[in-house]
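For the sequence shown, our numbering begins at 52 and goes up steadily by one.
Errors might be hidden in some of the hints.
Mimicking SDA-like on lysine to any residue, the simulated pairs with C-alpha atoms at most 20 Å apart in a straight line are [stated by the list, open to error]:
id, residue 1, residue 2
1, Lys164, Gln182
2, Lys235, Arg206
3, Lys164, Glu105
4, Lys164, Ala145
5, Lys164, Ala139
6, Lys164, Gly100
7, Lys235, Phe209
8, Lys164, Glu185
9, Lys164, Gln104
10, Lys164, Pro115
11, Lys164, Val114
12, Lys235, Ile213
13, Lys235, Leu296
14, Lys164, Val108
15, Lys164, Tyr135
16, Lys235, Arg245
Keep in mind the hints are simulated off the structure, nothing from the lab. Given the structure is predicted, the values throughout are model-derived calculations rather than measurements.
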Amino acid sequence: MTGSHQGKAPTPAPLTGSAAPCWVNLMTRDLGSAQEFYGAVLGWTFRPGKLGQEFSVARRGDVPVAGIGAVATAYRMAVAWTPYFAVADADATASRVRERSGTVAVGPMAFGKGRGALAADRDGAVFGFWQRIEPATSPPAPDDHSHAWLRLHTRNAFDAAIFYGEVLGWASGRPGCCEVSYEKDEVVVDCDGRRLARISSGAVESAPDPLVRPHWQVHFLVTDVAATVAAARENGGGLVERQPLAQGSEATLLDPDGGLFTVTDVQGVTAADPG
Numbered sequence: 052m053t054g055s056h057q058g059k060a061p062t063p064a065p066l067t068g069s070a071a072p073c074w075v076n077l078m079t080r081d082l083g084s085a086q087e088f089y090g091a092v093l094g095w096t097f098r099p100g101k102l103g104q105e106f107s108v109a110r111r112g113d114v115p116v117a118g119i120g121a122v123a124t125a126y127r128m129a130v131a132w133t134p135y136f137a138v139a140d141a142d143a144t145a146s147r148v149r150e151r152s153g154t155v156a157v158g159p160m161a162f163g164k165g166r167g168a169l170a171a172d173r174d175g176a177v178f179g180f181w182q183r184i185e186p187a188t189s190p191p192a193p194d195d196h197s198h199a200w201l202r203l204h205t206r207n208a209f210d211a212a213i214f215y216g217e218v219l220g221w222a223s224g225r226p227g228c229c230e231v232s233y234e235k236d237e238v239v240v241d242c243d244g245r246r247l248a249r250i251s252s253g254a255v256e257s258a259p260d261p262l263v264r265p266h267w268q269v270h271f272l273v274t275d276v277a278a279t280v281a282a283a284r285e286n287g288g289g290l291v292e293r294q295p296l297a298q299g300s301e302a303t304l305l306d307p308d309g310g311l312f313t314v315t316d317v318q319g320v321t322a323a324d325p326g
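Using the sequences and the hints, build the whole thing.
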């Protein structure tokens with residue numbers, strides 16, 4: 052992230068559980084290698100997913116924090132961390148994506164206890180959406196430092212906010228919808244009073260640097276950024292960039308298979324000033 056994005060990180064949003072607005076998933080090529088890397092770097096453990104042997108659920112303690120699927124090769128897609136947003140109707144959401152010049156690459160199709168799809172917005176940032184079909188059987192996971200938060204780097208933050216607002220029902224006034232507000236030159240998205248994402252302008256669609264192209268960036272909170280960077284390097288990953296925050300720091304890392312993710316110091320997270 053560039054210097055213009057310095058500041059305190061947002062309060063972690065509840066990305067998992069039956070009432071979650073979002074889930075994060077890693078599309079990779081080798082499940083075992085990914086589990087070994089993220090287990091060593093982020094301290095996660097893993098349980099088999101319900102989608103087959105190529106899927107697992109990452110957990111921090113007893114809290115599910117992310118999904119990992121070895122499907123990048125099968126679907127001919129880049130290795131990447133991707134957010135999946137909860138929707139009421141996957142087919143209607145797919146139609147809204149296409150109507151607004153986005154692309155639906157995969158689905159909607161049966162996905163766990165619902166139907167999901169993988170899409171891209173009109174600037175090329177990849178995201179997913181998922182409709183729960185079966186009733187939820189468990190409450191949301193606790194809101195603690197296990198959860199991720201998101202940042203969309205895009206060409207124009209306000210234009211992107213309109214796209215996602217119309218596609219996902221943000222600021223629609225419906226019960227439980229996420230709210231959108233503006234802070235300086237960024238758009239912020241809050242769900243149930245907790246910060247889910249920031250949307251920042253300035254991305255360049257044709258840029259060779261993947262950090263400059265439009266993309267969703269997934270942030271995980273850690274207690275020690277320096278130790279996490281060292282662990283990533285020791286386990287075959289790499290440091291892309293590191294930036295100071297008002298309190299602590301954050302670092303964008305590359306896993307051995309090419310997946311980009313960011314780790315943010317929990318010292319930079321305060322309820323009084325969430326970002």
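Hints, one by one, checked against the model:
1. Lys164 <-> Gln182: Since the Cα atoms of Lys164 and Gln182 sit roughly 8 Å apart, the hinted pair holds (cutoff 20 Å).
2. Lys235 <-> Arg206: Satisfied, since the Cα-Cα distance of roughly 16 Å is no more than 20 Å.
3. Lys164 <-> Glu105: Distance of about 17 Å is within 20 Å: holds.
4. Lys164 <-> Ala145: Measuring from Cα to Cα gives roughly 18 Å; hence the hint holds.
5. Lys164 <-> Ala139: With Cα atoms ~13 Å apart, Lys164 and Ala139 stay inside 20 Å; holds.
6. Lys164 <-> Gly100: 12 Å, holds
7. Lys235 <-> Phe209: 12 Å, holds
8. Lys164 <-> Glu185: 6 Å, holds
9. Lys164 <-> Gln104: 16 Å, holds
10. Lys164 <-> Pro115: Holds. Lys164 to Pro115 sits at ~16 Å (cutoff 20 Å).
11. Lys164 <-> Val114: With a Cα-Cα distance of about 19 Å, the restraint between Lys164 and Val114 holds, given a limit of 20 Å.
12. Lys235 <-> Ile213: 17 Å, holds
13. Lys235 <-> Leu296: Answer holds: Lys235 to Leu296 is near 17 Å, not above 20 Å.
14. Lys164 <-> Val108: 14 Å, holds
15. Lys164 <-> Tyr135: Holds: Lys164 and Tyr135 sit about 14 Å apart, inside 20 Å.
16. Lys235 <-> Arg245: At roughly 19 Å apart (the allowed maximum being 20 Å), Arg245 and Lys235 satisfy the hint.
Figure legend: structure checked against the earlier numbered hints; every hint is met.
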